[in-house]
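Chemist: With the hints in hand, could you dock these two chains into one complex?
Those sequence lines, one after another, are chains A and B. If you read the first sequence in our numbering, its first letter stands for residue 1, the second for the next number, and so on. If you read the second sequence in our numbering, its first letter stands for residue 1001, the second for the next number, and so on.
Keep in mind that the hints were calculated from the coordinates and are not lab data. Glycine included, every Cβ here is placed at the ideal spot set by N, Cα and C. Treat the hints with caution; some may be incorrect.
[Stated by the list, open to error] Derived coverage of chain A by chain B (criterion: at least 3 residues anywhere in the stretch with Cβ under 8 Å from a Cβ of chain B; other residues may be distant):
(1) 34-41
(2) 168-179
(3) 183-193
(4) 240-254
[To be verified] Distance condition first, Cα-Cα at most 25 Å in a straight line; then the derived DMTMM-like pairs of lysine to aspartate or glutamate:
(5) A:Lys228 - B:Asp1341
(6) A:Lys46 - B:Glu1121
(7) A:Lys158 - B:Glu1243
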Amino acid sequence: MFDNLGKSLSNLIRRIVTGTAIDKKSVEEILKDLKIILLQSDVDTKLAEELVSKIRKKCLEEKIPAGLTLREHVLKVIYEELVKLLGEKPSTLIGKKKIMLVGLFGTAKTTTCAKLARYFQKQGLKPALICADYHRPAATTQLLQLSQQINAPVHIGKDPYSAVKDGLERFKSYDVVIIDTAGRNALDTALANEMKRLAEIAKPDEVLLTIPADIGKVAGPQANEFNKLVGITGVIVTKMDGTAKGGGALSSCSVTGAKVKFIGTGEKIEDLEVYDPERFVSRLLGLGDLRTLLEKAKEAEIKPEMAEKIVEGRFTLQDFYDQIEALGKMGPLQSIASMVPGFGMMKLPEDVMEKQEEKLKHFKFILQSMTREEKENPDIISASRIKRIARGSGRPEHEVRELLNQYEKMRKILKSFGRTGLERGGLKQLIKQFGFKL
Amino acid sequence: MFGILRKKLSKAIESISEKFKKKEEVSKKVETKKEEIEKIIEKIEEKKPEEIVEEIKPIQEIPEAKKEVEKIIEEAKPEIERAKLKERKGLLKKITEKIVKKIKEKKLSEEEIEPILKELETGLIESDVAFVVAEKIKNDLKNSLVGKEIKRGREREAAIEALRQSLLDILSVPKIDLEEIIKKKKSENRPAVFIFFGINGVGKSLNLSKVAKLLKDKGYRPIMAAGDTFRAAGSTQLEEYGEMIKVPVISHQKGGDSCAVIFDAIKAAEARGYDVVLADSSGRMHTKKDLLDELAKIVRVNKPDLKILVLDSLSGGDVLLQYEFFNKAIGTDAVLFAKVDINEKGGNILSICYSFKVPIIFLGTGQKPEDLVEYDPKKFVEKLIGS
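So here's chain B without its partners, still in its complex pose (with noise of 0.2 Å):
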């Protein structure tokens, strides 16, 4: 699960440990060098800048550092140029200092850790998820960590904790207790109604009953509702579930009304004391608008509780205009995740709850009853992250 999401994230950890890994010890190195550096700048007075970096012999062993003075210098360069000879000795004081205290520096700068977070930006897109996340986990991780002091040994703990706080910031979306719903509908003596809905082929009926599974093992008497009475053999599907986990299904004929199968079964659990509804719907394209019409229209009659959007994290960047479609048809109260196991990318649960903050509830991690998880953002982190 994950896999490749995964090993994007972990490869920017250890990259940006090792980069900072790195500063602390060219600073370390030019420590020791310090004095014999500065002794050597005070004494070149007269040399031309570009001899400069020749001179300071210590600086030659660590190329990081080398690099910097060429660069301080090459910067410094016209100024040198113009001073007069007298002059010299108080500017060079100052590019040494200069120079001291940027290779002896542990922050990383913006320059520095570009092209690592260019790299995670680019495996990020690759996991499907959508540029704008890409670009705000970037840019948090910049704020984060350019120019922050971090203390030796905790180096690869500082970019975790980075990342941690942004896929958090990210991920954490409002959540929704079913049970809570179930039991205030249960108080007014009525049946609490979840309805399923989402594009062909996401696996709304599959993890409807998965969902039923999991109520009726807590406790509670859920009743299902063959909704897709559109599908050849829509209902005997959901019906085949429903033997296979003991909940009962209210179904009609093929060609139904879908409305109707729904008003039917609130009906027959208002009658029998079910207390919980758990409508089906026909897959339907969301840019079908009289399909939504009739959506809609299943919405109107039967007044569900949960309106719950079935996405498949299979999907890329078409999952963010299959909710917007459907959130503006009939609107969504939560949205499950489906085939989540098989996904080794799933980077479009991040841009979901990024975009639009919306209650997850379940993934679906399978094709058997009990393969359903709950989401939790922290977990979901850890999950990405964790070691």
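Bound conformation, chain A alone (with noise of 0.2 Å):
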């Protein structure tokens, strides 16, 4: 019964893409649910019914923009008020700093502490590190045996202050110097009152709260208290790559206003990657469904410039590749073709589109064997040519005639378009073409 609660949202979306009919009543019933979904994905109650109310209020009261139905724009607004809430993508953390990493127990700071010197490093920096946990056993072995594995320098004092002092000084001709002290109980006075001495004497530049993905509502208050402490600039959610959809984590940004940074996904130094919002809003919710929906907002998907070459019958084998990896970027052909009016709501055996998609692969490996001049110029591929392709790609050669097949249906498909169709229902037509033709 629980481990539906990301499928629920995806049923949601579902519902509205293939419900019968959608009026005031059923959006009703969707925000309804929407709120629930939310909420037992540990966001904020508050933040929830903030968020409900605010899509209420757009997809009901304003205008519907010319060209969507009522369906879209419910699906648009719900999108895009889940991306804003998440913020933009955060500004990189690059230059001289002093960070330091404040949470939680367990929350995976001293990890962490390693995986953002891991990243500084491959930014081409020089990090450092400083221990300032001398409460946990075994916290400055953990971060020294850590240090070892990405060879960077870490300091260890006795106590927090005295190694906070001394690390300082001893790491000024570094780029990054990062700090990661005790987990804490933000409401516990004399723990408080460490951190804010901490911070105090280390004066840092950026100071990141870890908060783990599966978090519950606890997430809020305490973000809070942190912030008032220390004042938080920047969140780092960890332990990313397990069911949790960070909902909580979504609360103590929006309570501290701080924006998230960075995700961890897994267990290795290299597992940090830089916040991407979008990705976020996907995992909070459980579904891809609606990535590929913002993608279908946007439809004039082939940009002006492409237009014009295809219309003039310069549409190479290279911008044929292009395409092919445009479509791998928005996810399973499944979910794309769901979007799609037309197939919309059409049950395709789910192996028709696994087999696609192997197709799709195949034809990639071909593109890459190829030659720059031959995507350019595709009528010079000659027999012996495709020989050499078919090798090069692992492919048998009747799979490499076939793409060139394609490939030139398509471009005399794409010129019978005409550049204002290719501008708004290309992208439609090229799924067409990939998904049901090949």
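Modeler: This is the structure in structure tokens:
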């Protein structure tokens, strides 16, 4: 009954997409369910309520943009509001910096410190670490061992205060200094005071709060407390590789006004990603459909310069390849197809889609085995070149020929669209081509 | 501990008992004016239905009762209008009876209690109680309070009792007696083996040492196995705890085989006469199949007597998924909830108990080795609703 949490929103969206008629009453029902789903994903109650009422207002009171049905409008509003809530992509942390990590017990601070250091190394910067956790047994050893893995120096002292003071002095010449603090309950006075004093000594440029993705509704109050004590400048959501949706983390952002900077996605030292709000929304809601929806909302996927090329018959294999790539980024074909009016809700057997995806993958291999010249000017591809391409890509020759045929057909169809047709509905046609005529 | 959840519960109790008291008051007031009201109604045969309420002067002073009267008359309006003049008298008498009975009513109706229960439900969900569990509590209260005669002065008790029953029903789970398991194994000349597992950072090592200390204080001879060979300083941490509580720790080099460490610890226990092995394991995400397979191997090889899942009480609804995944992969005999001391909400304990009826053995209540309490549903309920 619970493993469907993620699916539930996906189902809700599906209900909007497939439902016979969408009217005010059904929108109300959808919004009621949306609220329940958000709450079940650990989103703060107040936040969920605000979000839902904002969406209601936009859906029912605002004029529906031309060209969109109420159905599409509702989907678009839900998606946009969620993305807005999650903020833009964060500004990257670059340059000389003192960073202090704080958080509750067991939120992966120490591991994240090392991951951050690794991240800065990859940016070409010189990071160093300071251990300010002298409460938890073996915290120092843990940081020491992690630092050895990445070859970054770590300063360990006798108590947190002197360690930070001496460490900062010692690492003066380093680009980035990362301070690991002890896990704490922000409501505990003694621990709170210690953290406050540490921040006074360190004067960090960034104070990052680690929040595990599975945290419940304590996230808001705790984040608020941390913020009051030391001023949070950013959030790192850890343990994103589990089943949790990160709704609690979302609440702590909304409470503190701080943005998510990174997400921890695994136990290895490399497993730290710069936060991407769109992916986070998909994650939070457990569905890929909304992602494709955004693509659909943009719809004019084919850029003007591409359209020009096509109209003039200059649609090359390279462009063909780019289109396949773009499709791949949009998610599984099944969900794309379900978003496209026309096939809308056609229920295709799953393996049909899988086979198509396989085929697209093979086409990619083949295209990757072509020279630039061949891609720009496919006419030069002779029998011997086909042989070479087949060998290079590990695919049979007839598949290379099939690809060339497809490309030729596509070029003709695209040409017949004319420019405006392409800009408006080109993507749909392309999908039809890829998905169903291959 | 559980401050916020407790507040929500006590608020519901107060609101319900207030509601009962108010009802009682209204019905007492009506009682004194009953005859007066009946007399008036008898005289107003000729009036139109909407004028009736205005005519019943005594009722104006009791706003709650007035509302009820308006409602009853509104419902009866078509009937009154249809009735012929001579039938009217009888009809109005019937309505009068209905009105008096209704406003004298001390029992709560479903609609009267619904807003309170709705608020409680929201409060529970805000405290990480799963939706289904909040729903159950709501329905339990409805079933035990709606339409029930409550003695005067017992309103609060009635509300508390209803809530207590519901919570007990949710929080009662089978019990597991660790000592009995250890004794039984001892009679077979073998050590009992308890293995602790869970996702990263929930507090496995700390709480394992707490259990070791508790058993040691009870006169048993525990030995700990540093099965966390993956995380940096995973075994060092347990070794330091071991020194603190004076319990030996078997450990290997970092990166070693967790399964072998535990195996060695069991062998050591057998050779040196320890009666219980407490085995730590690396934190692992429940979604990583190969890591879970590794855990399954540890279980297969070492055949633990208890597989104890450690859950973070600060987690939200995700604990249910964590439980399901781990349970599916290796089975779960018992649950230990960590970090309960800093939890103001703690609704996920209710969710786990209700959904899986799995034994809860301990609650971790702090950073020190002695910060561990045995889980007792009755005490837990009293903690939540006790005055």
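Chemist: Next step is simple, just say for each hint if it's right about the structure.
Modeler: Here's how the hints hold up against the structure:
no.	hint	in the structure
1	34-41	holds (count 4)
2	168-179	violated (count 0)
3	183-193	holds (count 3)
4	240-254	holds (count 7)
5	A:Lys228 - B:Asp1341	holds (21 Å)
6	A:Lys46 - B:Glu1121	holds (14 Å)
7	A:Lys158 - B:Glu1243	holds (19 Å)
In this structure, the one hint that does not hold is number 2.
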